[in-house]
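Number of protein chains: 2
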Amino acid sequence: MEDSKNQQKETTKIEQKLQNGPFFTEKMENKNLFATDLFPHNPRGWEETSKFLKSIVELLLGYIKEENDRSTKVLEFHQPEEMAKLIDLNIPEDPMSLNELIKSCSEVLRLGVRTGHPHFFNQLSQGLDLIAMAGEWLTATCNTNMFTYEICIAHFHFNGERGGAIANLYAVNAARHAVFPRAKHLGMVSIPPLCCFTSEESHYSIKSAAAVLGIGADNCFNIPTDASGRMLPRALEEQIIKSKEEGLYPFFVCATAGTTVYGAWDPIEEISEICERHNLWLHVDAAWGGGILLSPEYRHKLAGIERAKSVTWNPHKLMGSLLQCSACFVRQEGLLFQVNQMSADYLFQQDKPYDVSYDTGDKAIQCGRHNDIFKLWLMWRSKGMEGYRRQINRLMDMAKYFTERIKATEGFEMVVDEPEFLNICFWYVPKSIRSVDLREKMSRLEKIAPKIKAQMMKRGTTMVGYQPDEHKKRPNFFRMVISNSNVQKVDLDFIIDEIVNLGYDL
Amino acid sequence: MEDSKNQQKETTKIEQKLQNGPFFTEKMENKNLFATDLFPHNPRGWEETSKFLKSIVELLLGYIKEENDRSTKVLEFHQPEEMAKLIDLNIPEDPMSLNELIKSCSEVLRLGVRTGHPHFFNQLSQGLDLIAMAGEWLTATCNTNMFTYEICIAHFHFNGERGGAIANLYAVNAARHAVFPRAKHLGMVSIPPLCCFTSEESHYSIKSAAAVLGIGADNCFNIPTDASGRMLPRALEEQIIKSKEEGLYPFFVCATAGTTVYGAWDPIEEISEICERHNLWLHVDAAWGGGILLSPEYRHKLAGIERAKSVTWNPHKLMGSLLQCSACFVRQEGLLFQVNQMSADYLFQQDKPYDVSYDTGDKAIQCGRHNDIFKLWLMWRSKGMEGYRRQINRLMDMAKYFTERIKATEGFEMVVDEPEFLNICFWYVPKSIRSVDLREKMSRLEKIAPKIKAQMMKRGTTMVGYQPDEHKKRPNFFRMVISNSNVQKVDLDFIIDEIVNLGYDL
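From first to last, the protein sequence lines stand for chains D and F. In terms of the UniProt record's numbering, the first sequence opens at residue 1 and continues consecutively. In terms of the UniProt record's numbering, the second sequence opens at residue 1 and continues consecutively.
Worth flagging that the hints you see were computed from the coordinates, not collected in a lab. Just so you know, even glycine gets a beta-carbon here, dropped at the ideal spot from N, CA and C. A few of these clues could be false.
[As the list claims (entries may be wrong)] Cross-link-like lysine-lysine pairs, in silico, BS3-like; alpha carbons within 25 Å at most:
(1) F/Lys31 to F/Lys51
(2) F/Lys85 to F/Lys458
(3) F/Lys451 to D/Lys54
(4) D/Lys51 to F/Lys85
(5) F/Lys407 to D/Lys54
(6) F/Lys451 to F/Lys407
(7) F/Lys54 to D/Lys103
(8) F/Lys85 to F/Lys103
(9) F/Lys472 to F/Lys489
(10) F/Lys451 to F/Lys431
(11) F/Lys103 to F/Lys54
(12) F/Lys54 to D/Lys51
(13) D/Lys54 to F/Lys103
(14) D/Lys31 to F/Lys458
[Stated by the list, open to error] DEER-style ranges, computed between Cβ atoms:
(15) D/Pro92 to F/Ala303: 21 to 31 Å
(16) D/Glu333 to F/Ile87: 46 to 56 Å
(17) D/Asp218 to F/His41: 42 to 52 Å
(18) D/Asp397 to F/Pro43: 50 to 60 Å
(19) F/Gly247 to D/Pro192: 27 to 37 Å
(20) F/Pro192 to D/Asp437: 40 to 50 Å
(21) D/Asp397 to F/Glu93: 41 to 51 Å
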């Protein structure tokens with residue numbers, strides 16, 4: 001086959017590039033320098049310090065350049081046991097020299113997955129925004145902590161949390177406190193048995209929060225969804241009523257704005273009406289979809305979000321900020337403080353020479369916290385509101401293009417016919433099973449995506465996720481996600497061709 | 001007074017330096033470039049991209065150099081409302097130019113607290129290790145996620161969590177699961193009313209964990225401590241017995257290794273015997289003190305830690321790794337997985353082409369996680385075991401030197417006469433109250449440390465924390481912490497002189 005020949009040639013070229021790695025050869029001239037020779041340990045070591053840091057930066061610049069070269073691999077795959085041989089992870093008795101450290105860095109760069117590569121579609125976070133990266137370099141250098149105003153970089157009003165899962169935990173905890181404040185001091189033993197509701201397609205962190213908070217994962221009910229993955233409001237209300245009849249105390253509903261697999265939008269308006277009827281806390285998990293608010297053309301998908309009592313939003317996903325950057329917004333002023341503060345007077349003194357309401361530490365479960373917000377601020381300024389609008393609209397256009405290409409290419413089948421967001425779910429059906437009966441086809445399809453993915457990883461050419469949907473009895477299917485703001489149509493064409501190349505003859 | 005004149009001269013010098021800020025003036029030559037002109041959005045923009053990133057690096061190098069110049073300020077203090085005028089935080093409609101972004105960075109660097117300054121003693125984390133910083137720059141550039149092997153940088157076996165508070169939450173949750181696994185699915189309503197124990201000097205995160213987990217903060221008992229801040233084992237056992245009599249179910253004891261205020265070491269051996277007698281989970285919160293294990297000369301302070309079922313350890317404190325870097329170790333293999341896994345098949349497929357036990361995501365409450373471990377690994381290699389041993393021993397020597405100076409200087413009084421770690425707690429007694437009676441002295445001392453600290457911040461010369469101890473009825477006292485590996489005796493002398501200068505006449 002002509003195609004696979006071309007592919008082979010391409011792969012050889014990539015392998016050569018990786019081995020040559022022209023950018024991974026920065027070294028200090030003086031071979032016997034150690035960390036102790038650097039500033040500030042050695043006050044006369046500024047020149048060498050500057051050289052060392054610049055060597056690291058050269059390495060990183062080389063990495064960035066190579067990561068964006070479409071003819072390079074997304075990863076150099078090795079089994080864990082091989083990896084252990086390729087890179088020495090041990091901590092030695094004696095210090096390693098600066099050159100050895102630079103070599104360690106270079107090895108790690110070579111062996112890691114390039115999540116910013118234009119052919120990486122595996123997670124919701126993709127691409128590497130260089131302004132956000134510069135912001136993160138600055139944050140590392142400042143090494144400031146978020147918990148009191150006096151040691152914060154500036155006063156960003158933002159309940160930033162590390163990761164959407166923890167943000168969701170904050171929301172469920174705040175909701176519990178709003179309805180039964182005594183639980184904080186007296187425990188769950190002092191209040192009725194709570195239960196909460198989220199769609200079967202929602203992120204597992206809601207169920208996890210129920211487990212952690214002592215509500216019990218089984219008391220977090222999974223509400224069925226329609227064929228596109230949207231929560232069925234009628235099923236929600238039925239489950240609320242049933243739970244009450246069974247002696248449980250419903251208090252919290254999570255609507256998902258942009259589900260992880262299908263990118264589906266739960267009908268927030270309808271859900272919020274049910275919440276009002278039953279006096280329940282409405283939380284919107286917009287970790288993935290929240291960024292769409294920045295686009296006037298698409299923000300209607302979040303209609304009703306203004307009725308939520310809390311919202312989770314991860315700028316490190318759609319907005320392309322670096323990992324991590326998550327926020328939990330809670331409408332009721334003071335609630336986060338009330339639920340989380342433990343009167344740690346030794347940390348949060350009230351007799352400081354400034355307005356201590358700027359000390360945000362007592363609002364959080366965490367104590368020391370990395371400053372995750374600076375990079376988002378810098379990046380957002382670099383784009384302006386206008387830039388984000390264009391970026392998000394462009395990604396939606398790319399998703400439409402990819403959907404059209406999938407529909408028009410032989411062997412591909414959509415799982416959800418009209419994707420509503422940047423997730424495009426599809427099967428690839430190898431030639432041999434195109435004409436078998438439906439039941440056998442479904443059974444054999446289960447193994448196709450894993451096989452293709454395994455080949456992709458070994459070749460290192462691209463990465464895209466897959467999963468089955470057990471609720472809807474759908475065998476393993478690919479979930480393409482497009483969130484890298486630099487993705488081009490050729491990248492989308494590439495992945496379609498690659499899947500055909502790897503899967504046609506299976 | 002001669003002293004205050006000298007001080008004034010010094011301050012003027014510092015202010016001039018800050019205003020000139022020779023390092024904060026990097027600019028791109030071309031004034032009208034924007035983020036969209038950079039790589040990869042503009043494939044021909046490599047040269048400008050490299051220039052932009054190097055400008056940021058020059059800014060950071062200048063910051064590092066200045067931060068280590070002892071004649072510069074630790075901070076330029078402004079009230080929150082002034083700060084709002086000094087720095088424009090708004091997100092504009094249109095993109096800002098690269099030069100404007102560089103200016104934003106430079107302003108933030110100027111206005112932030114220099115936590116790496118040799119006169120910063122305010123928190124447990126101090127100093128800026130440049131190797132760890134380089135590691136963090138690399139991590140930002142790779143932007144990898146911790147949750148599956150395939151997208152991890154390499155296979156570090158490490159249950160890294162963001163911050164010791166979350167690590168402590170993991171430990172309490174794991175302990176609950178070990179004794180009552182059904183709580184995960186059925187909630188606290190299905191098990192007896194739990195209670196746990198920690199010293200009155202322990203970090204508030206243990207109480208906070210009890211609140212979050214639905215145990216109730218009041219069911220986390222504060223055990224009294226001796227004059228140095230060490231938990232009293234007899235009081236622990238009495239409280240355990242009393243709680244059982246009151247119908248509670250004791251399950252968890254936290255021993256603190258290095259308390260936040262006094263740096264005290266709870267007697268782990270004795271506590272572990274009590275735990276064995278009553279069949280309780282022993283957790284050691286070694287967030288602050290854990291690093292002392294690296295010193296053969298001092299590791300005896302942690303004797304008994306090997307009997308713990310879980311340990312929290314924050315390398316970003318004593319080991320000087322950048323924020324954040326925290327770990328929760330749990331002895332029982334598989335327990336963290338059992339308690340936290342939610343069978344998120346769509347994220348953690350079992351049919352991957354490698355050993356999926358390397359996918360650590362299902363062990364964590366968090367989903368997307370920043371890679372916090374790389375910088376520690378790189379830094380540790382730069383020092384070797386030997387380097388850390390020397391670093392920690394040297395810090396202990398510095399603490400002894402400071403203690404001796406405090407004891408020998410008129411007006412200073414130790415709160416705990418023989419500090420056991422790197423926290424040195426003391427009062428400064430102004431001349432006017434040295435001869436008043438004890439009760440009045442104590443009452444007037446309450447206001448002294450806050451006044452001195454406020455002056456320190458306004459002058460920007462140094463930062464050191466203070467707090468009262470309500471349990472022991474000790475009025476506000478300073479808590480000096482020495483963890484910056486580059487601290488010199490002159491820096492310790494400086495803070496003593498500064499306190500005398502600011503406090504003598506109060």
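request  = If any of the earlier hints don't hold here, list their numbers in rising order.
outcome  = Those not satisfied are hints 3, 4, 5, 9, 14, 16, 18, 19, 20, 21.
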